[in-house]
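Q: Spelled out from the first residue to the last, the chains are:
There are 4 protein chains.
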Amino acid sequence: MGSEIGVGLIGTGFMGKCHALAYGSVKAVFGSVPTPRRLKLCDADADLARQRAEEYGFAEAVTDWRTIIADPAIQLVSITTPNALHREMAEAALAAGKHVWCEKPMGLTLADAESMAAAGRSAGVRTQLGYNYLRNPLIAEAKRLIESGEIGRITHFRGVVDEDYMADAEIPWSWRCQLAEAGLGALGDIMVHLVSLAHTLAGRVEKLTAQIETIHKTRPLPDRPGETGRVENEDAAQALVRFASGASGLLTCSRAAWGRKNRLAFEIHGTRGTLIFDQERMNELQLFTASGDPATRGFRTILTAPAHPPYGLFCPAPGHGLGFNDLKVIELAALLRAIDGTPDPLAVDFTAGLAIERVIHAMVMSAQSKAWVAV
Amino acid sequence: MGSEIGVGLIGTGFMGKCHALAYGSVKAVFGSVPTPRRLKLCDADADLARQRAEEYGFAEAVTDWRTIIADPAIQLVSITTPNALHREMAEAALAAGKHVWCEKPMGLTLADAESMAAAGRSAGVRTQLGYNYLRNPLIAEAKRLIESGEIGRITHFRGVVDEDYMADAEIPWSWRCQLAEAGLGALGDIMVHLVSLAHTLAGRVEKLTAQIETIHKTRPLPDRPGETGRVENEDAAQALVRFASGASGLLTCSRAAWGRKNRLAFEIHGTRGTLIFDQERMNELQLFTASGDPATRGFRTILTAPAHPPYGLFCPAPGHGLGFNDLKVIELAALLRAIDGTPDPLAVDFTAGLAIERVIHAMVMSAQSKAWVAV
Amino acid sequence: MGSEIGVGLIGTGFMGKCHALAYGSVKAVFGSVPTPRRLKLCDADADLARQRAEEYGFAEAVTDWRTIIADPAIQLVSITTPNALHREMAEAALAAGKHVWCEKPMGLTLADAESMAAAGRSAGVRTQLGYNYLRNPLIAEAKRLIESGEIGRITHFRGVVDEDYMADAEIPWSWRCQLAEAGLGALGDIMVHLVSLAHTLAGRVEKLTAQIETIHKTRPLPDRPGETGRVENEDAAQALVRFASGASGLLTCSRAAWGRKNRLAFEIHGTRGTLIFDQERMNELQLFTASGDPATRGFRTILTAPAHPPYGLFCPAPGHGLGFNDLKVIELAALLRAIDGTPDPLAVDFTAGLAIERVIHAMVMSAQSKAWVAV
Amino acid sequence: MGSEIGVGLIGTGFMGKCHALAYGSVKAVFGSVPTPRRLKLCDADADLARQRAEEYGFAEAVTDWRTIIADPAIQLVSITTPNALHREMAEAALAAGKHVWCEKPMGLTLADAESMAAAGRSAGVRTQLGYNYLRNPLIAEAKRLIESGEIGRITHFRGVVDEDYMADAEIPWSWRCQLAEAGLGALGDIMVHLVSLAHTLAGRVEKLTAQIETIHKTRPLPDRPGETGRVENEDAAQALVRFASGASGLLTCSRAAWGRKNRLAFEIHGTRGTLIFDQERMNELQLFTASGDPATRGFRTILTAPAHPPYGLFCPAPGHGLGFNDLKVIELAALLRAIDGTPDPLAVDFTAGLAIERVIHAMVMSAQSKAWVAV
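Chains A, B, C and D supply the protein sequences, listed in that same order.
Everything in the first sequence is counted per the working numbering, starting at 1019 for the first residue and increasing by one.
Everything in the second sequence is counted per the working numbering, starting at 1019 for the first residue and increasing by one.
Everything in the third sequence is counted per the working numbering, starting at 1019 for the first residue and increasing by one.
Everything in the fourth sequence is counted per the working numbering, starting at 1019 for the first residue and increasing by one.
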């Protein structure tokens, strides 16, 4: 009755739960995918690991992630731990011949990403990074519209990703503020998502010039009243870019934009039309085309529908709405099928992920050199 | 390790899949709920039943729903079959001492609903109807705002539910168009959702006057080219209502409103403010309060966030978006907890469901008598 | 050099200023209209009259409105006084052979409106009521789209007009609250605008059933602390209607809808599409048509543009925005041209105005009789 | 009865009409301003000049603009001719001791602007440039909110100005495409408006790096079928900027953005909140403040109202909407009052205008040098 694949999950936080939910739903939603068998879940805290294993439907709880790597029944490993741990875990899993599904960004440094990409290329298995926003059926629709020439040749890509999780100056200093623990700030957390959309829809970024800044330069130390710690990574960044296609672009991000919760938004200008998207209204895509009666032209708001696969597998009725977690289910289905041999046109493997991270590191270099840099 | 509850699912269509997804996710999302054990799934088609059982994670596939009723290990039965079958199945399940989770509307006629409500009251188990839109965390927030007096006393409730699944005159005639097979049309399909919101947020509807109509009075017969069949149930309805509280209201629905996909929307006027919601943008709630500097008053768009439980159990980051299927998970969690003894303030059991259906049947009566009728 | 027409203005309040602005701009905007010569302006307060005459560019200030009626050089009289004065002034002007441009509603009672309509029909001059929202170029566009069959046959007209000028319970009692001084409340102030749109776009209302209410039944008396006065007219009303065409409709209004400032909005359902408009975003019209690729259907937002005459006379660039006062200029241009012999397809003369007022008075009757009434 | 000021108008195109409308309305709207006496209007075409003089209410039509400069009764000269003529006319008017109200941009080159600014500084009269979007009452409100600390310290200003008047590749080549005739393209036409908003709300731009491009590099020659002419100026530009305050910024413009008609929009991030504005919805301002119950925070949509002076002079009722031409009336009132001695906090005189133009010329320089440049 269909193939199976043994899976292990390392990390049980925000994205760990998201992976777990995807493992629990993907077969029911998609039907024709290998069935994931949830074998082992790892959390350093033994009690928590046991509790989560029960809740998430994993057969066994472990506290040493190497147990998962060592298990021959596990073919696919999810890595949802803090960024600083990704590289070691991913490379160990690859070395053991496991497929790897790892959250973004790849690591703390560009060297991490390069090493992981190299490991991925030589491993002979699938690697996949957690660029879930790409999996929105409306992004696939946007891609289809672009490829079919509906908006003509792309001339400009303007993207923004704003949140406000670090907007409040009173949020205390933490490991998040340290380069050695967290790596980059808003660039690694959120700009990478925007770059993934730009790469998918407008092609590769070739060069750029950027400015970067830390808006709240110090934050209160949690345990020492009246004292503050220095924030080492950036709250916001902006870049002018040039795509390989010749199109111009603008990419901006902030983790200190009050009122924005997940405004991952873009606007694509073409010679015959325009596309607009905003993740905060993730079930809507705006399209303008220079066609038809001028008196009735306008941006049209397209609601997600069965006409935008695989929406219909979640709900046969249009406009009923997907949610954030549904995107992860789509991402997982694509990975399972890729493992099974079906190509995934939206895949972001470690090589494609490295290309994304080169862009954010180029932004850092440009901000330092105050010059255009090639990616 | 937490309690367990054996479940059976009858019906594997649109809502059957939705129930199945909820069973597969609820423990991972909520943690502290009884764990559903997916024991038996029923579909009249044996092959389909087997396939769905595998996909949905049910241990066994059956083709006779009475097998589920007869299974002593099953304590909770999901009924997601066509409306005409609800009553018999629900009453049999209740008679067997099962908790029942049944999709709306209850049956084809008011008599069906009355019978089911009576059966539910005497059964000593939980009954729950699928009013999933009530489970949006923003509806709970709206209720909280109303109860805390944030918008003052409610003076007016204006609601609409529009879709376009029967807007096209060329959609062929089917069982959907027959009273004996489908029961009411837009009133039973969608108006009941609006009434459920009105009852939850503005209290009971006491009397009303309505008009009802079939916009496309005949439809092409699928197998007989050039011939048409008569549509026996309504495409659209509108009603003026009076709530028990004294507030006025307006309820309108259409299944022939081109461009609307799930516009289940309301606007609540109070003596100190206004609340607005639209299911097509289900992650947003609009609030206006008559407070603060007049120069900066305005409707504010509230994005779903962890401040609106149980959103945070799906995603710890605000504004990332829930989807249609997530609401069913919330509904199921509330039912599981209610079975476990925790009261569910938003529950729509068969008695509350009957109250909703009395409203739509009063609309039919008023449209015939062209007079105000008491509900 | 083009023809001229002598004009007199009675009343210098809200709408008096609006008329004055229109007189000052219409020739510059439209070019090919008779030039209005601002001869006499009347205000009962002599100082104010003098000041306003200077500001508004009128040659002479008078305090007795009959002076305007008596002036043979004046051919067109603007009446912008309180409603209770409209009838006497309008009938006197008509008797003197003047064209009359009068603000709505026509008077306090249906008898007033009937008398004025009769006087208008026998006078051999032009009468025009101030239904300025009809003059939005996007309303003309909506009419064009309907007439060209773009949305098919109209099946439903749903309209709302909400403001909050009486939402605050602390607004003191005034003449506005008295039937003998103000006539109807929200019905006369704002519902008439909605009916004018319904009549223009969906045709005549044939019958209706309504409910009406006074939300704040008493208000503080301004000069007597602690005492209250009774509010005699309605804050809100709702009606189910049936148009002569057979289409159904829903009309609702409130002057106590917190946060709404000029939400004069409608949604028109047709067998092939839908039109949506909201005066608070008066430069946008929403159109959905059931045509083209289902994957890219959606409501499109049309911005006012030169493609929607006479927008281009105000601004040659699209989407730059008209304002409330511009609509009055368009209304005046149509009147001046009608006086000059060019038919005005959107004209609301006293006869058409009476038809509008019959609808609101039918709402009052229906609310009393609790039955459907013919208009 | 109040002072008077003699005015002359040079140019009768798009902005000439806009000035004319402002002269015709300003006294009626504002009351307490000097009354403009429309003395002479100039157009090179004698017939057109006569026709426009009649329509616009000017006493006399002339074909030589020097006649206006030479008229001692004229104290204020409006210059609305093509950009290439601004400098000569403005400097002649200043030399003759006239106040000058000139459309933007100041001239074709930075040298033009510098010369005009120098002339303005030494002339002892008022100069004013047509930055009408600044005059929106909601921009004044935004400024008030910023100055009162409502959004804290500004950390980021993100602005866009997009139109589509050159989006179609088939629009023929014209003088507009030539540096010697039109000067800059989108930078001079529209980016200057965005810079004026940035300067007003976020302070002076200190340095920037930019990229500029011509999207349609050639256009069809109107008279020579099959041949094309080279477009010499830019269709689009983007810049990263740094304000003198230390805040970062992003400014982008396009005249080839399909579907955008007047999207002059900004988003201002502060340490306590965010402000958002879009000229296409010019009667709305969005405000988010980090205050109050987290469960009900959100962007609020503020509709223009009498609480935002001078809106109430146009209309005493909130939310009824101003239009594009109304902004010019406000601009003129401020100029007339400034001439009369009342300081105008939003004034853009030739010196302030030069500062704006330095920014766009710095963008050109940066795009050439591919480096950050100081303004």
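One thing to keep in mind: the hints can contain errors.
Heads up, the list lumps identical chains together, so a pair's fine if it works in one copy or across two of them.
[What the hints assert, rightly or not] Keeping only pairs whose Cα atoms sit at most 30 angstroms apart, straight-line, the calculated BS3-like set for lysine-lysine is:
hint, residue 1, residue 2
1, K1161, K1225
2, K1235, K1161
3, K1225, K1388
4, K1235, K1225
Hints listed in this document are in silico derivations from the structure and should not be mistaken for laboratory results.
Q: For every hint, state whether the structure bears it out.
A: Checked hints:
When the C-alpha separation of K1161 and K1225 is checked against a cutoff of 30 angstroms, the pair qualifies only within one copy, where the shortest distance is 23 angstroms, while the shortest distance between copies is 37 angstroms. Proximity of K1235 to K1161 under the C-alpha cut-off of 30 angstroms is restricted to the inter-copy arrangement: shortest distance 26 angstroms between copies versus 39 angstroms within a copy. For a Cα distance limit of 30 angstroms, the shortest separation of K1225 from K1388 qualifies both inside one copy, at 13 angstroms, and across copies, at 12 angstroms. Within a single copy, K1235 and K1225 get their C-alpha atoms as close as 28 angstroms, and across copies as close as 22 angstroms, so both meet the 30 angstroms cut-off.
Checked against the numbered hints given earlier, this structure breaks none of them.
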